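Residue numbers (our numbering), protein chains in the order written: chain R, 4 to 117; chain X, 4 to 116.
By construction, these hints were calculated from the structure, which means they are not laboratory data.
From a predicted model like this one, the values you see are computed outputs, not experimental measurements.
One thing to keep in mind: the hints can contain errors.
Unchecked claim - Heads up, incomplete: computed chain X residues facing chain R, CB under 10 Å, no partners named:
1. Glu-59
2. Arg-83
3. Gly-110
Note that CB positions come from ideal geometry on N, CA and C, so glycine has one too.
Below are the chains, spelled out letter by letter.
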Amino acid sequence: AQSVTQLDSQVPVFEEAPVELRCNYSSSVSVYLFWYVQYPNQGLQLLLKYLSGSTLVESINGFEAEFNKSQTSFHLRKPSVHISDTAEYFCAVRSQGGSEKLVFGKGTKLTVNP
Amino acid sequence: EPEVTQTPSHQVTQMGQEVILRCVPISNHLYFYWYRQILGQKVEFLVSFYNNEISEKSEIFDDQFSVERPDGSNFTLKIRSTKLEDSAMYFCASMGRGEYGYTFGSGTRLTVV
């Protein structure tokens, strides 16, 4: 079984500041890792994923996440946020092979202030 | 970009009534899912569906729940006799062959009164 912990339920930052949203996971098997974003009144959108290979993965809008196997973490970072990044961010894991179900963290609400 | 479409966006129902939540997955996708999020809690897996049958379900998905793909395009979740604790946002998702991440719909907010 897997579990995901997102330690910060809310993260307020000012525009153009850097941000890190933390995600730690627990699993007895190897996993795939995902970050999803939910903008107000919208569904969950895949932001980026780690499947294998390079531990640093990037999205098209400037976010990146680094898989750290020893620390069982997959933190999401952006060097300079925009007001339009205000949303809720969900970390999720899925086992490699076997079950396809995603196990989600509770989410982190990122609020970017002017 | 292809979308997963869910209807209605918001449904209010009386306790004990049956509800059907509807989803149109992406047309060439083969794997279908329902998740739910009770207010303030995690997004939780309910069921996965492949090749016209349930491939996995959670302990939440009891006999009150059923899923169906009646016509090759729609994917429905039925709750037979709703309870207050079924109030949640329900998300449908689909995935294509060889993919690893799902495409989610915008959700249906179900309120049981």
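- Message: I'd like to know which numbered hints this structure contradicts. Please list them from smallest to largest.
- Response: 2
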